[in-house]
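Work out the full structure, taking the sequences as your base and the hints as a guide.
With my numbering, the residue at position 186 of the sequence shown is 191, and numbering never jumps.
There may be inaccurate statements among the hints.
[Stated by the list, open to error] Below are the DSS-like pairs computed for lysine-lysine, each with C-alpha atoms no more than 30 angstroms apart in a straight line:
id, residue 1, residue 2
1, Lys45, Lys163
2, Lys45, Lys72
3, Lys199, Lys189
4, Lys163, Lys118
5, Lys118, Lys189
6, Lys189, Lys163
7, Lys45, Lys73
Honestly, the hints are just simulated from the structure, not real lab data. From a predicted model like this one, the values you see are computed outputs, not experimental measurements.
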Amino acid sequence: MDTLLPLFPLDLVLFPGAPLPLHVFEPRYREMIGECLAQKLPFGVVRAREQALAEIGCSAEILEVTKKYDDGRLDILTEGRRRFELVEVNQERSFLRAEVIFFEDEVSAASPKQAERAIELYDELLSLAGADVPELEPGEPDLSFHLVAGLPLDLDFKQTLLGLRSEASRLATVVEYYEALLPKMRRSINARKKAGGNGHAL
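Take a look at the structure:
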């Protein structure tokens, strides 16, 4: 039995539970996705860096083929499932596959206070950006992933978060990152308001 996980290198970081729509157009990935669909198997999404792949990725389950094109291209909707560590990359096929080790969090619960602070910062960030603020509860599983998955944040930060193996350490990292980011956002917004009010750029 072939235990190698097919890989889809992308310039993004996928988190467990996060949706990921994909337009599949390269022949090698059409072949890969076709096999995953036929065998009901997941594939691995791993961040593509210059000349290398990130060491930690996340498997993706294909939920739906949303469109098939006459030339063989596909639009699919996938969702992140389990995190893994790359052990060895295999290049025998047209697409990459790899031996991987799946891993779960260590047993260590985050404190409610820590979770509430992270949600508070997240809500403020979305409000400043003029986006809708979803209702999140402090006890929600994998809260840290929900707080960053849909936002256009620094990929190095997201990659670091993906590899952390406790919710407490991830929430602490999110709080630290957002506490540093929010003052910059406030200054930027205030500068734009002043520039718009008096006609002079700062």
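(request) Starting from the hint list further up, note which numbers the structure goes against and sort them upward. (result) Every hint satisfied by this model.
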